[in-house]
Amino acid sequence: MATAVLEARGISKGFPGVLALDDVSFRLDAGQVHALVGENGAGKSTLIKVLTGVYRPDRGTLLQGGEPVTFDNPLAAQRAGISTIYQEVNLVPQMSLAHNLLLGREPRTRLGVIDMTQLYAEAERVMTRYGIRTDVRRPLRSLGMGTQQMVALARAVSIEARVVIMDEPTSALEPREVDTLFGVIADLRTQGISLIYVSHRLDELYRICDRVTVLRDGRVAHTGPLDKLPRVDLVALMLGRDPAEIRREGATKFSGEHTTAANGPLVEARSLSRRPDLRDVSVQVRPGEVVGLGGLLGAGRSETAKAIAGALPVDGGTVLVAGQEVRRGSPAAAIRAGVSLVPEDRKVEGIVPTLSVRDNIALAALPQLSRSGVVSDARVDRIVDTFMRRLRIKAASPHQKVAELSGGNQQKVLLARSLATGAKVLLLDEPTRGIDVGAKAEVQALIDELAAEGLGVLLISSDLEELVEGADRVVVLRDGAVAGELSGDQVTEQAIMATIAATGETDG
Amino acid sequence: MTTTIAGADTSADARRRPGGLRRERIGHLLQHHGALMVLAVTVVVGAVAFDSFATPQNAANIVVSSSFLAIVAIGMTFVIISGGIDLSVGSSFVLAGVLAAYGSRYGLLVALLLPLAVCGAIGLVQGLIVARTGMAPFIVTLAGLLGMRGLMLAVSGEGANTYLVQNDAFSALGQTSILGLTVPVWITLGLVLLGGVLLQRTSFGQNVYAIGGSEEAAVLMGVPVTRVKVVVYLISGSLAGLAGALNAARLSSGVTILGAGMELDVIAAVVIGGTLLTGGAGGLTGTMAGVLLLGVIQSLINQIGVLTSSFQQVVSGAFLALVVVMQRILHRAQRLS
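In order, the protein sequences belong to chains W and S. Residue numbers 1 to 508, in our numbering, belong to the letters of the first sequence in order. Residue numbers 1 to 337, in our numbering, belong to the letters of the second sequence in order.
Incorrect hints may have been included.
[Unchecked claim] Covered stretches of chain S, going by a simulated chain W footprint (3 or more residues, C-beta under 8 Å):
#	region
1	100 to 109
2	218 to 228
[Unchecked claim] Label-pair distances were calculated between CB atoms; the ranges are:
#	chain 1	residue 1	chain 2	residue 2	range
3	S	Gly147	W	Arg79	33 to 43 Å
4	W	Asp203	S	Leu194	51 to 61 Å
5	W	Arg379	S	Gly147	49 to 59 Å
6	S	Leu194	W	Arg133	54 to 64 Å
7	S	Arg25	W	Arg79	48 to 58 Å
8	S	Ile329	W	Arg176	55 to 65 Å
9	W	Thr354	S	Gly147	28 to 38 Å
10	W	Thr354	S	Ser310	40 to 50 Å
11	W	Arg133	S	Arg25	15 to 25 Å
12	W	Ala76	S	Leu194	31 to 41 Å
13	S	Leu164	W	Thr354	50 to 60 Å
14	S	Ala121	W	Arg176	52 to 62 Å
Hints in this document: simulated from the structure, not taken from any laboratory. Even glycine gets a Cβ: it sits at the ideal position worked out from N, Cα and C.
Extracted from the complex, chain W is given alone in its bound form (with noise of 0.2 Å):
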């Protein structure tokens, strides 16, 4: 066998709390494009800041060549031949295309000093090879993202890039330029060079990979050639599932089917879209149910409920809670009319680590907690006081900092932050993540006890077995579209992969 282009040998990374990288072994061979794949938090970050040296592993060696190398910092990496093209931060928007194509190698004219009309001419022909014709003399954030996208590639490949990493490289594109890109790509193949290429859109990975390594919490889930490796194989492998020995075992605390009233749906989302994020996607959920949202990372799982809660601005559809439309746009409006969104990253986006449990809670109930601008202390005591017992929150006292609880306790907090706005649409974003067993399963309990009071409740999980047995029905997203909708005895995890893994034929 031929020396590998860029080889890992058993990487091991750890962060304080976490192992990142596993004994990770990873080969790249000249001419390849090897797709990177795996849900959150499997590593693949971590594996391509490790190969491009923004981190140093903590055990392992990495080999070019067949020889052994260490990269101090990016630009060593960089000088080594390994380019990563990273969605926006490899370019600087506001100087010209040329500049940015061609820094630190301008053409200079006799006298030392950068010689302009060649500097021009150099980049509009390097961007023709590439298929680009524009004014290079525009700034870069004028062009569009394909065109951008283009630049880096172009100038990866010209300061003599062996290896070539693209960290989702289509997600902002247009189909026209997926097209393009992907012409280029073919090329670069041609010519030897090597591409990593992380994308979760599996039309994509079977268009250009030749190989494919899977990881899965920090470990190599399956290393392979790509057409030999059929679809709903690939999303099992993504997901932790192996197809082959799917059972249902029936290790979450959920209780199963719940009673739905035969009434109307309790909210509604009709043909959401948002480009390039959401195509379309309807989605209803009636009172005491528990509709699950499926899909791969980047399908839309996130946007779905964030639009429903007007965190994320939409460019066409509407959303109606118990009939009535909510205006566009505004958490606000969707809170006063009984929306409220339980953030995937807790950290970022749901606990304000410095305050109290009690004033975390009451936080978004506070308008309706107060009489003229004035909040009433006793109210608001009583609130915190009732939901920290029904949730079961374990806190020395409600005045105790959110950042000293537990993942799991935190999580009940924003669970008991959204019930004390007078909630009856939960949507619950990864609500068991990155918590132990134990608040799992109490988590999971809740939610069922929250459904079965009348609360309507839309859950994304990465986890399947947590989708299959706590939702009633299933709503599977594709690239930013419903691929399907499963219910009843249709909600499996084999059924929700092949949906997952079907292609896009019947999209528009």
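With chain W held as given, fit chain S onto it using these hints.
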């Protein structure tokens, strides 16, 4: 690679929105030459309104009195384009004046080099701190402002001693006229040309833009970020020192009050000239237009007579506010297009 991939003509971006390209050009023009246009209009209005405004004598006055601000503003333009700020230049300017006057008893060279060396060194130290520790330039140079003000007070005995320039050659440097303009004006012109070439036509200049535009990207593109930042503050400190020394030569003494708070006028001139406070865009032509605009406003207010010169600051402030709002609008328009 020889094949051209068809169908990626990105001017389609512009075609989708008729007028998008034209709007972009107008935005570009306003951003880069807005101050120049306002300056031209102000001069024309002034010339029509006041007979004594559009005289060669008045023009020379404006240019001469603006030249010191202009020299400091050249350095500040570099700093702001790199995404930083230098609050220490006013203190630097005053300290340099005192040092130059004090040094003039030892000859012309000492009078010139002592302030340049001290202010340059302090600029260098500030640059090292900013670039190496990643501390906010605002805080680092605020410390520099206070430190140098203290140093100046110490050297001048709490402002009690006013050093007079005791070297005729040094005084001549500030006062001699060549072709109707004083030496500092010619030095300013030379520095503007030099600075322009440095900024637009050298790798160093491009690196300054890149760092201000996106430091993270600059690192990834192989720009020696630390070195460039250090040099930028070195330039700013040295130019403030030079301007202070020339001012002392013009006045024949190291005045301890003139120039305190100058940093704000300098920043105002740079921003009015179209350089973005967020960094990454701007230029010296705009800065010079901004400096002259402030000078012209001062002169016009003197012409009006009934207003005290304090009103100059009111008008300058209004201009600054206007420019910042305009930039915001332009920025948003470019985002949308």
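Hint by hint, here is what the structure shows:
no. : hint                            : result
1   : 100 to 109                      : violated (count 0)
2   : 218 to 228                      : holds (count 6)
3   : S:Gly147 / W:Arg79: 33 to 43 Å  : holds, 39 Å
4   : W:Asp203 / S:Leu194: 51 to 61 Å : holds, 56 Å
5   : W:Arg379 / S:Gly147: 49 to 59 Å : holds, 54 Å
6   : S:Leu194 / W:Arg133: 54 to 64 Å : violated, 37 Å
7   : S:Arg25 / W:Arg79: 48 to 58 Å   : violated, 38 Å
8   : S:Ile329 / W:Arg176: 55 to 65 Å : violated, 32 Å
9   : W:Thr354 / S:Gly147: 28 to 38 Å : holds, 34 Å
10  : W:Thr354 / S:Ser310: 40 to 50 Å : holds, 45 Å
11  : W:Arg133 / S:Arg25: 15 to 25 Å  : holds, 19 Å
12  : W:Ala76 / S:Leu194: 31 to 41 Å  : holds, 35 Å
13  : S:Leu164 / W:Thr354: 50 to 60 Å : holds, 58 Å
14  : S:Ala121 / W:Arg176: 52 to 62 Å : holds, 57 Å
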